[in-house]
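Sequence order for the protein chains is A and B.
Using full-length UniProt numbering, read the first sequence as starting at 1 and increasing by one per residue.
Using full-length UniProt numbering, read the second sequence as starting at 1 and increasing by one per residue.
Possibly wrong hints are sitting among the right ones.
Below 20 Å or equal to it, Euclidean Cα-Cα: the simulated EDC-like pairs (lysine to aspartate or glutamate) are [stated by the list, open to error]:
# : chain 1 : residue 1 : chain 2 : residue 2
1 : B       : Lys690    : A       : Glu232
2 : B       : Lys692    : A       : Glu226
3 : B       : Lys713    : A       : Asp220
4 : B       : Lys667    : A       : Glu232
5 : B       : Lys713    : A       : Glu181
6 : B       : Lys147    : B       : Asp65
7 : B       : Lys692    : A       : Asp220
8 : B       : Lys713    : A       : Glu232
In case anyone wonders, no lab produced these hints; they're calculated from the structure.
Just so you know, these numbers come straight off a predicted model, no measurement behind them.
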Amino acid sequence: MSDRIVDGVRKHTPSILLFFDESPFSLLWLWLSTEKRKQIKSEKIGIILYIAMASPGGQGGGAVSTRGAGARRMKWALELSLGNARGRGDRQSNQGDVMYPIGYSDKPVPDTSIQETDKNLVEKRCWDVALGPLKQIPMNLFIMYMSGNTISIFPIMMVCMMAWRPIQALMSMSATFKLLENSNQQWLQGLVYSVGNLLGSALAIYKCQSMGLLPTHSSDWLAFIEPPQRMEIMGGGMVL
Amino acid sequence: MKSSVKMAKLTSLFVISLSFFCISEAVFEDQVGKFDWRQQYVGKTLFAHFESNTQSSKKMFVATDKNIFASFNSRTGDLLWRHVDKTGPEGSIDILLLHGQDALMVVGDGRLLRSWDTNIGGLNWEAVLDTGSFQAACFVAIQDTVKLVAVLKKAALSLHYLSNGHQKWVENLPDSDAVQYQAVYSGGEEEVYVLGVVPNSHLTIIAYSLEDGEIIKQRSVEASWLSSVESSCVVVGQGVLMCVDPATLALYTLPIQAEETPEFSQILLQSLDLEVSPGFQPVLVSSQPHPARSPLSEFFLQLGPDHHVLLQLNADGYTIAPLRDFQPAFLVSFATTGKKTVAAVMTPKNETACAINLFSVDSGRRLLDTTVLFPLELNGGKPHALYVHAFLKKDDSVGYRVLVQTQDHALTFIQQPGRVVWTREEALADVVTMEMVDLPLTGTQAELEGEFGKKADGLFPMVLKRLSSQVTLLQAWLAHLWKLFYEARKPRGQVKNEVTIETLSRDEFNLQKMMVMVTASGKLFGIDSKSGSILWKHYLENVQPNAAFKLIVQRTTAHFPHPPQCTLLIKDKDTGLATLHVFNPIFGRKSHIALPALPRPILQSLLLPVIDQDYAKVLLLVDDQYKVTAFPSTKNVLQQLQEMASSIFFYLIRSDQGNLSGFRLRKDLSTERIWEVVLPTEVQKIVAVKGKRPNEHVHSQGRVMGDRSVLYKYLNPNLLAVVTESTDTHPERAFVGVFLVDGVTGRIIHEAVQRKARGPVHFVHSENWVVYEYWNTKSRRNEFSVLELFEGTELYNSTVFSSLDRPHLPQVLQQTYIFPSPITTMEATLTEKGITSRHLLVGLPSGAILSLPKMFLDPRRPEVVTEHSREENLIPYAPEMPIRTEWFINYNQTVARVKGIYTAPSGLESTCLVVAYGLDIYQTRVYPSKQFDVLKDDYDYVLISSVLFALFFATMISKRLAQVKLLNRAWR
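Bound conformation, chain A alone (with noise of 0.2 Å):
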């Protein structure tokens, strides 16, 4: 469990590049970007959003995906023959070529009972979830500065994973906490990691409004305005 943790929490490096060649959509976007980068208003940014959205970037699904890359390796089959293999193969050609019936192994079983350090490695380890959200902060903080308040592709996307990820993060708080089962101040992990994703999430708003992403202006609410209902009935003219 907790080597899925870990595995979980390397893969979930936040590189833009990942992300993009993972997507279908990533050639658009690279076109877009070039060719009309400027002309990109604030109308199109909901069809961006949109597709940001709909796109398969369970990538960024935080340190507690528990969709795995294994997920996609379901297949598995049995290894008879020898030598073929890599693992298991080299250490039984090591030991001679004498075969084990399956499920054997030459190692004596590990002490399974817990002991006090693997107590305060789990602890450590269920911090280290805890942490993850707020320690993405600083480095979401350098890109926002990075990137500007233009409204083209490339913030635009940022602005989408930044959002994103935290949302996505709190609606799997329980999965989270299911990892974080075993830890005694479990609650007050929980608590740290929802608020670093609350924080992450206020961070993705504030860049949306310096953006000027959200309809806070008047201008904004323009479009809804229905022309005033007219009182009086005027007509004429000059005199015939």
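Dock chain B against the given chain A, drawing on the hints supplied.
Positioned in the frame of chain A, the structure of chain B alone reads:
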């Protein structure tokens, strides 16, 4: 140095912003004539001549009241060439004479003498004549060849060479103060005769020598009965002056060339057994086939509106023999070909046709097989003039074609045996007002619509009905597809969609509409806006030439099964009395609706948004006692009017008194005056007033600033723009005033006075802006000025607009630009929802129509570019307004004398229909923000769909392949 860098930066910014926003408007070559058409007209014909008297000649020449000299192809009725002269008396055509290849024309009340080459329409020469009003002109022949032209003016006679226009001689006429010289005559002799009259006293005949202009003879003949030579005398036979006197009912003859001084010899009409219709002024018609020879001795005498007699002057010069009596006969005309002269007589045949026959002039016998039928239209004008083109056929008999001009200014060309070759509706040269009406839905569409309108009659029948209507729709669609397929196989030029009134139906995007045009002659036209073909016409008789018209669409086509309804208000300027003509704008038929009695002069009309139970909008007519008549005036309407009387206001502007006044309707349909503004007429006079168009929609209620706040527009639907001009025309003191007045309260919202400016002012009032154009007398240039009104950053009341509750005056911004050309008219584009940006359509005197983006006329254009202004896409202020040739929406199809531009929204938000009218009519579409809601005309459907299909199949195949590969790998 620094400033120049800044300037360069500004300029480059400007250019960049221009290239960014101002998408070129020009059409592509293959789009020419696809969405637009032009029709060229000449106006009411005054003089018409045919080229030569051979059967193969194709040209005819007309001179019109619009100061136009034009040539038609007589086979098709198309214009070969046209010369448009100045408007008004300066360019008026006094006379058109044709001889061989030369067309002689006296222009501008004897100002100029022009000779045109009739082959190519080029000007041979032009001679400036001495001052004096024009009286008459004729060709003068020397030894059987026509070499000179004589022009008679009020006090002088001049002779000009036909070849180069040089003056041979000019002589002052003796005693020209007392004697009115009215006619000049030359019969191929050595003299030219001038006839003058002292009314009711005597006739003066002066013979001038052709050589040097010396007076050879001068004599006066006592003629106390004669008041005008022009109207009652002609020359017939061997120089015999023939006059008719309506008082004594007698003909008088006098040999002009006689040496002695004889008296007029009198022949009583009674002695010829002729009787003049009571109250009718008899008219003489004679013919001089060749200027080198004396006129015919046969002549027509018109005794009544439909009574003509062919008479012959006997060789003795004193006695007259009647040849033939034509009764009834509307029109008569002489025509000569070779040595033969014939008379064409138009007689009524039946209700729907007139017959034209040729008669031998010598004997008065009818020529066989010369009958031609002229179809009389039910709602057309009566025949007015007859121009005959006679020619000798191969068998030496006389054939002819005839051009009939009717009272409604239409020209009809008829060929033997009674085939109408072409018709030209010249009334369209003077369109006064027009409207565009949506076409009705097709039968199936209407049926569908009707289904929703009807009340439910059981579930099962409704389902059945729905199914059947769907089936009919499917049928129609299949038929449409089949037609498309069928037509696609034909070459493009051959596909000709014949539009008839029966097949008219609304198209998908409502781009095809019915143009209802009202002309000054009183003829109404219904024109298909897509093809320009005239679908119906209706001539209103008894319309005064100076009548005022107002066309109102009372019911559109949206209220099936009620037919659409238009009302034309015609006001007689002399009596002030108005009449209503109610008609169906699609078919042109007069509606038989009880019209209100209008015994008093009507001042104005007002169309209310109130509808009666038949969905017709209510028209209020205000008479000179400020009483109101409603039309239609059913009980329902009167009740509605009573309920909302307190919110109905109208304004009247009396330009002659400088008076603007507003009235409120009372419950009893009388009115009370609630405000009055007087602009003293000694200082300035009101030139024009414009409110907003009632069908105008404004989508955005404000403008977004650079800092993302909103500047709300001041959208007062009751706002009037009143334009005044100073009475003082001195360049230093002249001014132009623009007053923005609230039509309900009379409050002057804003007044802008442009000093050192002169009219004519052309202006457009729309949304929250007024654009006007005037002549700057100080800088001597045309200037555009724009006024924009804003409410500020806060809306006072966003739900209702009442002029009575508006405590704050709007903020007014103004900017002025130099325009490099004078303009003749201006209008703004109009679209369905008002989302599309606006353009101004400016008619230029050159005939071009300029589509000027309103963005250039924006008072918020900054002088110094800032972050905010760049954010707003404001173009930096530049005093000069450019004219770019790609902004001309009519490329090379110039519209002569543009008088008005009419814009109408179409079903597509991007598209605005434009009709420019004047002498010509031009219809097109404009897309102020490009065609954002339709695929391009040249959209490659084939490529896109083939790529799509290819991709689809590729996906299918690769999926299959991938599956196979996976399976194989699994087995490995």
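To see whether the hints hold, each was checked on the structure:
1. As the CA atoms of B/Lys690 and A/Glu232 are separated by approximately 18 Å, the hinted pair is consistent with the 20 Å bound.
2. Restraint check for B/Lys692 and A/Glu226: satisfied, since their Cα atoms lie roughly 19 Å apart, inside the 20 Å limit.
3. Between B/Lys713 and A/Asp220 the alpha-carbon distance is near 16 Å, which keeps this suggested pair within the 20 Å criterion.
4. About 15 Å separates the Cα atoms of B/Lys667 and A/Glu232, which keeps this hinted pair within 20 Å; it holds.
5. Proposed proximity of B/Lys713 and A/Glu181 is contradicted: the alpha carbons are some 61 Å apart, above 20 Å.
6. With a C-alpha separation of about 28 Å, the suggested pair B/Lys147 and B/Asp65 falls outside the 20 Å cut-off, and the hint is violated.
7. A distance of roughly 28 Å separates the Cα atoms of B/Lys692 and A/Asp220; the hinted pair therefore is violated under the 20 Å criterion.
8. For the given pair, B/Lys713 sits about 19 Å from A/Glu232 by alpha-carbon distance, which is consistent with the 20 Å threshold.
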